[in-house]
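Protein chains: 2
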Amino acid sequence: MATTEKICNVAKRIKLAAQDNQVVVAVSAMGDTTDELIAMAKAISTIPDERELDKLLATGEQASSALLTMALHEIGLSAVSLTGGQAGIITEKVQGKARITKVDPQRIQNELAGGKVVVVAGFQGITDDATWADITTLGRGGSDTTAVALAAALEAERCEIYTDVDGVFTADPRVVLNARKLDRISYEEMLEMAEQGARVMHSRAVELAELYGVDIIVAHSVREVPGTLITREDRDMEVLNPVRGIAHETDIAKITIAAVPDRPGIAYQIFHALAEANINVDVIVQNVSLQGVTDLSFTVNLADLAKAEKALEPVVRNIGAREMISSVDLAKVSIVGTGIRSHPGYADKMFGALAKEGINIMSITTSEIRITCLIDKADVQRAVQALHTAFELEKPEGEVKSIIA
Amino acid sequence: MATTEKICNVAKRIKLAAQDNQVVVAVSAMGDTTDELIAMAKAISTIPDERELDKLLATGEQASSALLTMALHEIGLSAVSLTGGQAGIITEKVQGKARITKVDPQRIQNELAGGKVVVVAGFQGITDDATWADITTLGRGGSDTTAVALAAALEAERCEIYTDVDGVFTADPRVVLNARKLDRISYEEMLEMAEQGARVMHSRAVELAELYGVDIIVAHSVREVPGTLITREDRDMEVLNPVRGIAHETDIAKITIAAVPDRPGIAYQIFHALAEANINVDVIVQNVSLQGVTDLSFTVNLADLAKAEKALEPVVRNIGAREMISSVDLAKVSIVGTGIRSHPGYADKMFGALAKEGINIMSITTSEIRITCLIDKADVQRAVQALHTAFELEKPEGEVKSIIA
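In the order they appear, the protein sequences are chains W and U. When you line the first sequence up against the working numbering, it's residues 5 to 409, in that order. When you line the second sequence up against the working numbering, it's residues 5 to 409, in that order.
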């Protein structure tokens, strides 16, 4: 919700939903509020204390929950706002990216029973400690996670997520002009899309939804067009195209540790240090060993690069590697779809489409329903467009029966 | 605290205090935050729900408490922020101007025992209800009230209030250029000054301080000059000037209910409706009854005018009064000092000074240590200056032995 005007629009949409349903809303902060709060904290401290930062950031959603509730009153709805703590969102005692351990929905249920729309401040919770309770935030994807957790705890019919796009697309519509909005997508496909760069939903909220079987609808907050349903895998696979979407991610960094002595236990030392620092490693490539040394490369999230370098410095010295080199000019492009499952034909077609564009593939990773290529960042837009065309994703569901020969 | 830079200045001052003392700090919101939040609420709703407004406004102090705590960490102090609720500030279940019913200082004491400076979000509390606890705000003077309440509950040596002025002055220094800063002032005098418009301290915090015998020092948040001590009345009255200060107030409104039938119980209906709406009424004037009807006038705080009019509308219809007329072009000017006690000579001198300036007095109210005149708003600056001069307030304490003949 960017402005007070948008808040009023959201309120109108809630009013429609509240005609036939009991409604609980989880809100995010308004527009740039979170970034502005972080900027204030950074003006005071280069590494702000995480407990205090959580307390600061939690004000963003507390404010927007109160404002949305006022907007609901203004159009004649009975409504009440609750902080994460008041809504019974209990988290582990970890600052900055706490996981929800429990939802105690009693107060929400009481308020619903009183005929109220309940507006919960998303992205935040409270630790479960009578005398030392502290405000926590849930980290990336936190507001969506709040929504799904509440839907699960309240056994809601569905969880609707309103955002600034119309739904989940076959590719980023800013990159591929004829990208098509999907009517439905399975949890598994959505997870792969999200993890490979699709920004529309954070994988964490999707995982939680899958775990509790919560149906999610992602739709635009203002435009009244049907969104995308994220749900269990469709049984009638025949009606769906085999490839559902192209995801891409440019916020990645590659770290190469050069001239690593090729001894057992070296890789463990490196990846253990990264795991200790809570850093996810993605694509890993180890060159053929020459004269007892090898080069080891892997990718990490761009946001984690500085932390990764810091964690690896002592290891690099310790194992006697020559040097550590970082580069940020890479990108990942992925095809995702349950129809892909173990058909090597799809990989073939993907590599062919990229080759035809003269795009060099540096490395490849796969899951059951995804194939990802690491490429040059400069090539990413052409790659996404080429793959979208190759897999005929502009065509309606079911029209693309089989891509492979 | 206006900016992040000011927050860092306040942090330095706290560090000095924390060298020899355990320190608990109550913070207000930064700069215009509260006004900005109110503006957002008003953009959404003309009369925002008070519960939601409290929740919105409470974010201001929550944010500044977190930021100040980060600033304390940055200069090497161990510190922790607490919301009003976490700090044990329990209030009655009234939104917008809740009174503190209890302070449970256990967590503060635990944190102090852990060697920490405790930064409490001022102006806010929480209702005492396990399952329905709500955030409340304390209304005007709320942050000062939090500070005094905490000082009382913790049996602190003193309560220091840092603000944007050097202390308590004989008159508003923006109006009277030779206004003099007072070294000390009694609770009683400060109360009268505050109630009659001196902005430096809200009467409510002073009342609480008087009740619990908390010494208050009001000083500038950055400039290192001695402030004003607010404490019990000085026994050696001879060393003080008999009139201590001139207060003035322009944020008042007059409501006249015209042609009220002059029956018993009418005044009760009017003032009962205002009391129900939690509105303080100040100067009341009832004209002599003519032909069974009378005009009833009274003043209220300008901020309460719309609420007062709304509360009175049904009453005016009900009692058969002709109409309700509001005006906002009035002001109050007061002389305050324990030396005034029941000496009619001071009133004489006050009225004389105003008359000499050609200022018309519409009505007069007094207390034991104060005389207040209702005048035209346009005359207020001349009135304050004239009274400051007449009572020789520019002279040091003790030099003005007696004003009256």
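Think of the hints as simulated: they come from the structure by calculation, not from any bench. The structure displayed is predicted, hence computed values, not measured ones. It cannot be assumed that every hint is accurate.
Repeated chains share a single entry, so a pair holds when one copy, or any two copies, can fit it.
Derived EDC-like pairs: lysine to aspartate or glutamate, alpha-carbon spacing no greater than 16 Å straight-line [to be verified]: (1) K106 with D132; (2) K106 with D299; (3) K106 with D238; (4) K185 with E398; (5) K120 with E372; (6) K106 with E159; (7) K399 with E159; (8) K46 with E9; (9) K106 with D219; (10) K101 with D380; (11) K360 with D24; (12) K381 with E361.
These are the hints, each one checked on the structure:
Proximity of K106 to D132 under the C-alpha cut-off of 16 Å is restricted to the intra-copy arrangement: shortest distance 9 Å within a copy versus 23 Å between copies. When the C-alpha separation of K106 and D299 is checked against a cutoff of 16 Å, the pair qualifies neither within a copy, at 43 Å, nor between copies, at 63 Å. Neither within a single protomer nor between protomers do K106 and D238 lie at most 16 Å apart by alpha-carbon distance, with minima of 30 Å and 58 Å respectively. Proximity of K185 to E398 under the C-alpha cut-off of 16 Å is restricted to the intra-copy arrangement: shortest distance 9 Å within a copy versus 77 Å between copies.
With identical chains, the CA atoms of K120 and E372 are never at most 16 Å apart, being 45 Å at best within one copy and 51 Å at best between copies. With identical chains, the CA atoms of K106 and E159 are at most 16 Å apart within one copy only, with a shortest distance of 14 Å there and 39 Å across copies. When the C-alpha separation of K399 and E159 is checked against a cutoff of 16 Å, the pair qualifies neither within a copy, at 36 Å, nor between copies, at 74 Å. In this assembly of identical chains, K46 and E9 lie within 16 Å of each other by CA distance solely across copies; the values are 12 Å between and 29 Å within a copy.
When the C-alpha separation of K106 and D219 is checked against a cutoff of 16 Å, the pair qualifies neither within a copy, at 20 Å, nor between copies, at 46 Å. Taking the closest pair of Cα atoms, K101 and D380 never come within 16 Å of each other, the shortest separation being 30 Å inside a single copy and 59 Å across copies. In this assembly of identical chains, the alpha carbons of K360 and D24 never lie at most 16 Å apart, being 53 Å within a copy and 72 Å across copies at closest. Proximity of K381 to E361 under the C-alpha cut-off of 16 Å is restricted to the intra-copy arrangement: shortest distance 14 Å within a copy versus 79 Å between copies.
Checked against the numbered hints listed earlier, the structure breaks hints 2, 3, 5, 7, 9, 10 and 11; every other hint is satisfied.
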